[in-house]
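Asks: The lines below spell out each chain.
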Amino acid sequence: MTQKEIQRKIRELKTLASQHRLDINEDLSRIVSKLDGNRTDDISPWQRVETARHPQRPTTLEYIQTISDEYVELFGDRLFADDPAMVGGIARIGGIAFTFVGHQKGKNMKENLRRNYGMAQPEGYRKALRLAHQAEKFGRPLLTFVDTMGAYPGISSEERGISEAIARNMKEFSVLRTPIISTIIGEGGSGGAIGIAVADRVFMLENAVYSVISPEGCASILLRDTKKAQLAAGLMKMTARDLYSFGIVDGVITEPQGGAHNDIDFVAARLKETILSNYRELASKKTEQLLKDRSRRWLSFGDFYDPAEKQEGFLKKIFPWM
Amino acid sequence: MTQKEIQRKIRELKTLASQHRLDINEDLSRIVSKLDGNRTDDISPWQRVETARHPQRPTTLEYIQTISDEYVELFGDRLFADDPAMVGGIARIGGIAFTFVGHQKGKNMKENLRRNYGMAQPEGYRKALRLAHQAEKFGRPLLTFVDTMGAYPGISSEERGISEAIARNMKEFSVLRTPIISTIIGEGGSGGAIGIAVADRVFMLENAVYSVISPEGCASILLRDTKKAQLAAGLMKMTARDLYSFGIVDGVITEPQGGAHNDIDFVAARLKETILSNYRELASKKTEQLLKDRSRRWLSFGDFYDPAEKQEGFLKKIFPWM
Amino acid sequence: MARPQIETFFRKLLPKGKRNLLYGTVDDRVFLQKEHRCPACSKPVENDKLKDNAFVCYHCNHHFRISAPERLRLLADNGEYQEFSAGLSTLNPLDFPEYEERYAAAREKSGLDEAVKTVVCKMKGREAVVIVMSFQFMGGSMGSVVGEKITRAILLAAQRGLPCVLFTASGGARMQEGIFSLMQMAKTSHAIALLERTGMPLFVVLTDPTTGGVTASFAMLGDVTLAEPEALIGFAGPRVIEGTIKQKLPEGFQRSEFLQQKGFVDRVVDRKAMKDMLAFLIDAHLTVQGAKK
Amino acid sequence: MARPQIETFFRKLLPKGKRNLLYGTVDDRVFLQKEHRCPACSKPVENDKLKDNAFVCYHCNHHFRISAPERLRLLADNGEYQEFSAGLSTLNPLDFPEYEERYAAAREKSGLDEAVKTVVCKMKGREAVVIVMSFQFMGGSMGSVVGEKITRAILLAAQRGLPCVLFTASGGARMQEGIFSLMQMAKTSHAIALLERTGMPLFVVLTDPTTGGVTASFAMLGDVTLAEPEALIGFAGPRVIEGTIKQKLPEGFQRSEFLQQKGFVDRVVDRKAMKDMLAFLIDAHLTVQGAKK
Ligand SMILES: [Zn+2]
Ligand SMILES: [Zn+2]
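Here the protein sequences line up with chains L, W, R and D, keeping their order.
According to the working numbering, the first sequence is numbered sequentially starting from 1.
According to the working numbering, the second sequence is numbered sequentially starting from 1001.
According to the working numbering, the third sequence is numbered sequentially starting from 2001.
According to the working numbering, the fourth sequence is numbered sequentially starting from 3001.
In isolation and in its complexed conformation, chain L is listed as follows (with noise of 0.2 Å):
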C-alpha cells in the first residue's frame, strides 16, 4: 500500500498547494517520475486496451480447464435461465475443491453470439450468486474471473433487474463465509465487472483493464469526441499497474510479450500458484477475521479531502474493530 499513500500524499500536497495558490505541479511531477524512475513502460494503455480484447484471448473456461485436475461446469439460476455468457461450477486445483463463476466470451463469432460477448444478464449474475451461496454452504473457497465489456445494457436486462442482481451480489459476496479470490483476466468493465469482483484479493492479468466506463464511453460523454478513446484509456487509469498502484487491486500477472494468448500456459502456471498461495493465507485465517479483513478492504475504497480527517476515526467509532 505504500504507493497508494504515496500517491495520496502526492493528491493532498497539490489540493494544499491550490487552496494557497501555489504552483507546484512541475515539482510534483518530478518527484512523480523519480517513483516511476525504475520502470520503463512502453506499451501505452491503449495497447493493453487492445490485448485485453484481442479475439484470442483465453477466456474463463480456458483457464479453468488449465489449472484444474478436475472440473464440472453446472448451469442455471434457478430462477429464470442458464446464462451462457457466466459460467460457472466446481474445480479441484491441487486437490482443493473450488467454486469457480466468470464471465465466457467466445472465440468465434458464432459462439459470441450464444455467449453474448461475455456480457451477462440478470440470471447470469444470479447464477453466480446461487454458486457462491453454494461454496459458502459447503465451505468451498471462491474463484471469480471477470472479462466482460459490462453487463448486456438491453431491454430484457433492464426488465428482468441487471441492477438488482449486480447491487445484490456485491451485497452478499461482501459478507460471504468463504474466502474470495477475483482475477481480472481481460475487460473489467463497470458494473458487470464489480458485479463479481468483490472479493477477499483481487488480482489482474497484465494487460488487464479495469475501468468504471470503458475508454470510448469515457471519450464520447466527457471529452466529448468518439474519436479521443486513446487518450481516455490513458485518462481513466485502467491498466493493471494504474490500479496496483492505487491499492485496488493487490497483484499483477505477468503475461508473455504480446499477451496471455501467445502462452496459456505460462499465465496460467502464474495465475495457479496466486490462487493457491492466496488461498492457504486467506484459508489461515478464522472466518470472523476474514471478514472483518474484508470489510475493512471495502470500506476503504476512496480518495477524498476530510477536513476534520476524521474517516479513520468515524469508521473506527462505529465498528471497533475497524
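To be clear, the hints were calculated from the coordinates, so they are not data collected in a lab.
Glycine residues also receive a C-beta, built at the ideal position from the N, C-alpha and C atoms.
No false leads were slipped in.
Below are the BS3-like pairs computed for lysine-lysine, each with C-alpha atoms no more than 25 Å apart in a straight line: (1) D/3051 / D/3275; (2) D/3275 / W/1137; (3) R/2246 / W/1110; (4) R/2275 / R/2124; (5) R/2049 / R/2272; (6) W/1286 / W/1137; (7) R/2275 / R/2051; (8) W/1228 / R/2246; (9) W/1292 / L/137; (10) W/1137 / W/1272; (11) L/137 / W/1137; (12) D/3049 / D/3275; (13) R/2272 / R/2122; (14) R/2272 / R/2043; (15) D/3272 / D/3124; (16) R/2246 / W/1227; (17) L/110 / D/3246; (18) D/3124 / D/3049; (19) L/227 / D/3246; (20) L/285 / L/137; (21) L/285 / L/272; (22) D/3275 / D/3122; (23) W/1137 / L/292; (24) L/137 / R/2275; (25) D/3246 / L/228; (26) R/2122 / R/2275; (27) D/3122 / D/3272; (28) D/3124 / D/3275; (29) R/2122 / L/137; (30) W/1137 / D/3122; (31) L/286 / L/272; (32) L/292 / L/137; (33) L/286 / L/137; (34) W/1272 / W/1286.
Partner residues aside, some chain L positions facing chain D, computed with beta carbon under 10 Å: (35) 152; (36) 157; (37) 162; (38) 190; (39) 191; (40) 217.
Fit chains W, R and D with the ligands to the supplied structure of chain L, relying on the hints for placement.
Replies: Leaving out everything else, chains W, R and D with the ligands in the frame of chain L:
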C-alpha cells in the same frame, strides 16, 4: 387431535380385520355414525365446492381491508415481475404489524383476467417468499390466505420454475423464524395452495375446500368419468370438517347461511379473533419451541401402516426433540 | 452392509415368464412384448445387450425407465445396500374405492413394495443415503408411505452425517390419499430444511418422468440437481398445459435439456456417467476444508 | 438536533436573482427561465404555488426534480435536521482534466457542496438517518465523497439503531474518478450488508432520475423500495439501450410504474404521501415484537 386418533384407530382396525378376513365394515360404520351423531351435515361436499368458488366470495384483500386498522400493499418478487394473482403487504391488525400474503381472485371478468383467477405463477410465490423473509427479518408474524384453483398450469409458469418456487416456499416457510398463521378462505387447490400454507396454525373457513386435486380432476383421472365430479368431491374428503377430523387443520371458522359472501363482516370478525388469539399463543413461545412444534406438526402428517410401529421411535431417535 | 438384493429375492418369486419385468421395468409397453424396440429410435434392442448398457439404447442413447432395484444395481458398489423402512404400507386413509385393490395389484405386478426404496450404500467407496423412486409402482405416485420413507431417509442422512442422493420418477401425488398425499410435499420439503442445517448435501437426479407434486417438492430442492437425458420434468403434465393454452407444446418442452437451459437443472448427465459424477460431487461437498461457521 | 438549515445559509450567500435556484433546483432548464412550464403537461406553473404543492405540478401531478434541501424541508419535522460529513470534498484522484473546475462550478451553481446530503432528523416524530441525493450537483454522480458519505450514514444508522431512509437521484458514476467511483458501488453495498445485521431497516425512495452505478448498488438494496411517480430508473440509460438494440424503447420503459410491474419497486408513492408512508413503514419495522433470534 382426538378425532384424528379415533379415525386412525378405525382404519387400523379395518386393516387388521381385512388381514384376518373379518367383515366388520357394518359395525364400523355404525360406530362412525355414532361418533358423528351430534352433527347434521345436510350441506353436501359438492355444495361446499360451489360455495368456495362462488363469484362473490370475499377475497384476500377484502378480508385484509376488513380486519386491519391500516394496511399497505407491497409489490414484486425482485426477480421478474409482480404477480397480481398473489398479493402481499403489511397490515396492522389489533395494533400489531403483520405481513400478509395471499392468492387474489377477481370479482369480475376484467379483474379475473388481470389476476389470472388467482392462479399464481412463479413470481407470485417468489413475492410471497420475499415478503415472508422480510417478516422474519423484522419480527413480524406472517398471515397467509389461500384461495386458488391451483398454480397456473401454463408454459410461462413451467418455464420460470413453478415447481421450484412452490418447493422452495414450503422448505423456507417450514423453518421461518416467525409465527405463521394460514387460512384457507376459498379454494385450496393442490401445490398452488400449500405453496403458501406451511404454517404453525392452519384454519379453514367453513365452506372452504382443500385438496390434492380438484373434484373434476379426480373424476377424470381416477373415476375415468368427468361427470362424476360431485361424487369425487365427496370421495376426496376435502371439506373443512373432513380436514379438521383428520387433524390437518386446526379449526373451522363459521360462515353465515349460504356462505361468506352473505356477510363478510360476520366472517371477518371471527377471522380476526382467530388470528389474534392464535398469534398471542404463538408469540408467547420461544422461537426454538415454535420451530420444534412446527417441525413436529409437519413431520407427523401421513397415515400408513408400519409393522415395526417405529414411526415415533424413529423420529425421536433422529431428532431427540421430536 | 451386505444383504441379498431384494430384487433377486423377488425375482425368484415371480413366474419365469415375468422375471425380466424386474430388470425390464422400463416401460411396460416395451417389456411386455416379446420383441423390444427402442421407443425413441424404433430400432430393435436385445434385452441382455440393453441391460449391459445400463438400459440405455445402444443405438440412440435413449434412457429407458428403470426401477429402484435396477438403479441400485448400477450405482451401489457390488450391488450391495442396506434397505430401510421397507415394511411400510398404505392404510387407505380416505377409504378411497378400489385403492387397496390397485395397491395390491401394483405390488404383485411390479415386485416392489412401494414407489420408493430407501437405502444406505457405497458408491465408489463413498457412503451415502440413496433414495430411488420407481415409476412403475402406481406411476411413482407419492402417498403417505412414499413421503414417510423419503422423510426418514433424509433425516437419517442428517443424523448420520451422510450425503443424500435422490432419484426421482413420479407422476405426482397419490390422489387416492387426497390431502394426506398433498401434505407429503410439505413434509419432505421440511425434512430437507432440517438436512440443510447439518451441512450435508442433497443431490437430486431427475429421471423420466418426474411431474406433479414430486417435482414441486423434494425434486427441486437439491444442492445440485442432475437429470438424465430427455427426461420429462414438470409440474403440470403436458396434456394439462395443452388444455390450458389450447395449442401444442413446443418440441423439447419440459425435457431435461430444456430445464437446464431454463436454469433449473445443474447438468444433464448420462446414466453411465452418473456414478462418477456423484462421486466427484460427494468429494467436492465433503472432503473440503469444512464450512466456516 | 436543531441547527440552522444549510439551505438557508447558502441562500443568503447567493445573489438575490439566483436564490430561488435552491428551491427551484428541479430541472435547470425550467427554473432558469423566467416563466415556468410543467415539462409534462406544458401548462404554465406559478413558482410559489408549485412550491406549496411540494413541487408537484398541480395540473398533472408531474413530480419536478428537487434537491436535497428542498426534500428535507418537506420531510423533516419543522424542517430541522442535523447534517453529517458535510465538509468532504474531492481530491481528483485520477488527476482528471477539468474535473476540479467543474466541481467548483457545480458547487457555485447549485449552492450544494456535493451530490448527497446525509442527516439525522425526525419525520412525524420518528427519528431516522436520512440520505438525500441531488441530481443537479454534477448529475448526482457518485464519486469518493458521495460513496463515503452514504457509507458513513448507513453505518451511523447501524451504530445508533436508527432506521435509514435513502432518496436516490443520480446519473450514475462520477466518471472523472474512474475506478474509485466504481469501488463506491461495492462499498455502499457492503455498508448495507452491515446494516442488515443490526436488524435496522433501509427504505429506499427512487426519484427521477436514478441510473447507472447508483441504481446497481444501494438503490436496489432497500428492505422496502418506494419510487416517485414516473421517475426514470435503470442501469443503462435509454440512449445506450437504443444504441444496443437499434430501435426505440417502448413507452413507459424504465419508469417507476414499469419497475413496480417488473417486481423491483414495492410501491409508487406520491411525494405528498411520502412522509406518511415512511412513518407507517418505520413503525411496522420497529415497533413490533422484535425479531426472534
Ligand atoms: Zn434407441
Ligand atoms: Zn403538469
